[in-house]
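A.B. asks: Chain residues, written in single-letter form:
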Amino acid sequence: MALTQAEVLIGIKEIVEEVAGIPADTIEMDKNFTDDLDVDSLSMVEVVVAAEERFGVKIPDDQVSELATVGDAVNFIVKVSA
Amino acid sequence: MIRVKKGTDSRILGVGGYQPSRIVPNSEIVDRIDSTDEWIRQRTGIEERRFAATDETILDMAEAACRQALERANISINEIDTVIVATITYPYQAPSAATALIARLGNPKAAAFDINAACAGFCYGVGMASDFIRSGTSRHVLVVGVEKLSDFTDPQDRATAFIFADGAGAVVIGPSDYPGIGPTVWGSDADSRDAILMEPSWNELREENSLERWPNISQQGQAVFRWAVFSMSKAGLRAIEAAGITPADLAAFIPHQANVRIIESMAREIGIPDSVVIAKDIRTSGNTSAASVPLAMSALLKDRPDLHGGLALLIGYGAGLVFAGQVVELPPKPSSPPTK
Numbered sequence: 001m002a003l004t005q006a007e008v009l010i011g012i013k014e015i016v017e018e019v020a021g022i023p024a025d026t027i028e029m030d031k032n033f034t035d036d037l038d039v040d041s042l043s044m045v046e047v048v049v050a051a052e053e054r055f056g057v058k059i060p061d062d063q064v065s066e067l068a069t070v071g072d073a074v075n076f077i078v079k080v081s082a
Numbered sequence: 083m084i085r086v087k088k089g090t091d092s093r094i095l096g097v098g099g100y101q102p103s104r105i106v107p108n109s110e111i112v113d114r115i116d117s118t119d120e121w122i123r124q125r126t127g128i129e130e131r132r133f134a135a136t137d138e139t140i141l142d143m144a145e146a147a148c149r150q151a152l153e154r155a156n157i158s159i160n161e162i163d164t165v166i167v168a169t170i171t172y173p174y175q176a177p178s179a180a181t182a183l184i185a186r187l188g189n190p191k192a193a194a195f196d197i198n199a200a201c202a203g204f205c206y207g208v209g210m211a212s213d214f215i216r217s218g219t220s221r222h223v224l225v226v227g228v229e230k231l232s233d234f235t236d237p238q239d240r241a242t243a244f245i246f247a248d249g250a251g252a253v254v255i256g257p258s259d260y261p262g263i264g265p266t267v268w269g270s271d272a273d274s275r276d277a278i279l280m281e282p283s284w285n286e287l288r289e290e291n292s293l294e295r296w297p298n299i300s301q302q303g304q305a306v307f308r309w310a311v312f313s314m315s316k317a318g319l320r321a322i323e324a325a326g327i328t329p330a331d332l333a334a335f336i337p338h339q340a341n342v343r344i345i346e347s348m349a350r351e352i353g354i355p356d357s358v359v360i361a362k363d364i365r366t367s368g369n370t371s372a373a374s375v376p377l378a379m380s381a382l383l384k385d386r387p388d389l390h391g392g393l394a395l396l397i398g399y400g401a402g403l404v405f406a407g408q409v410v411e412l413p414p415k416p417s418s419p420p421t422k
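Chains as they are written, first to last, in our numbering: chain A, 1 to 82; chain B, 83 to 422.
In isolation and in its complexed conformation, chain A is listed as follows (with noise of 0.2 Å):
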């Protein structure tokens, strides 16, 4: 069943405030993850790997520097979900 935008938001949040100790209030659509909140390259992949286990999707390794914004993620994994 397909993921909805706002149910994968909520555990993006859970994600990196769980990785990278990020409070999960602050973290929204248009955060950048590296500018905003400062998840470096290695984090990112936790969480990815973390999104993947989550919510059953596969998020390629040429993907992830796809993936700038929060939004682009939760985005992403919606679109994989469907």
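Among the hints, a few may not be true.
As the list claims (entries may be wrong) - No more than 30 Å apart at the CA atoms, straight line, and that leaves these computed lysine-lysine pairs for DSBU-like:
1) 384/B / 362/B
2) 13/A / 191/B
3) 415/B / 384/B
4) 58/A / 316/B
5) 415/B / 362/B
6) 191/B / 316/B
Please keep in mind that the hints were generated in silico from the structure rather than gathered at the bench.
Once you've looked at the hints, dock chain B against the given chain A.
C.D. replies: Same frame as chain A, now just chain B:
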């Protein structure tokens, strides 16, 4: 049917390490790769590493580590019947580093060969040595991990120049009245061979007739990170299960020293309890590929002599991609104190 059975259980009798004297802090590297000390520490945990002198060879480093391991194991070189050298940076393809090493050590009759399993090479060697002893093929085996990665790293490469380093580590593995080395869990993910490469090939060098492109190691950091943390933690758990123990039975976790963040994430994924000491020799030694596990073991036992005789999970992983891990009993306390 064969009528003779002569193998015994096996364990590690002694460990030795050797590091070159030249300490290379991050400050010596950052300018040429447009980086900072803080960035390197944050991404890898590395504060400094050792580079061998220009005239200091693989054999010089391996010999020093072996002599220390033999002394600590209280085993004479004449009792060694098999020598396994794990390296990817010995600059001759034949004859092997292992044969040159045993000639130097003074026992040029022992069986000797090199293995290429990159950063997993030492753990591949430990598994083979243990099985040689258990089958009766060998009685005392020297397993050596040695690298001079500074010869095969592009000093301008922003992805690798701050990671790799030089050194050697060795163990003596011998007979035991009880199992001191668990089954080796090993394998490959050979579809990801491109993730870590040493290029160009000798053939390419000859065709180009130029030394502008020297064989250097390159790696896709994020892909390797993902594989190391999430696939290797599963392999580590399998090695623990294969030994018939639980993570709480371990005294130490000594993984390949690739990156502090990989080490910490792996420990978390495996469920290593706080009571287990985690080797983080990478902070002052960098990534020494095949040498990193025995060097880390030697350094850990120097800092924590109480860990002698305890159980440790070893796991190596690297170019191939290949991996190997096993639970071992750390060697007993030698009569003379470790000096690394």
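A.B. asks: All the hints need checking, so say for each whether the structure fits it.
C.D. replies: Results for each hint:
Simply put, residue 384/B and residue 362/B have alpha-carbon atoms about 13 Å apart, close enough for the 30 Å limit, and the pair holds. Taking the CA atoms of residue 13/A and residue 191/B, the gap is near 63 Å; set against the 30 Å cutoff, the hint is violated. A distance of roughly 10 Å separates the Cα atoms of residue 415/B and residue 384/B; the hinted pair therefore holds under the 30 Å criterion. Note on residue 58/A and residue 316/B: the hinted pairing holds, with a Cα-Cα distance of about 19 Å set against a maximum of 30 Å.
Using a Cα cut-off of 30 Å, the hinted pair residue 415/B and residue 362/B holds, with the two alpha carbons roughly 21 Å apart. At roughly 40 Å between alpha-carbon atoms, residue 191/B and residue 316/B are farther apart than 30 Å, so this suggested pair is violated.
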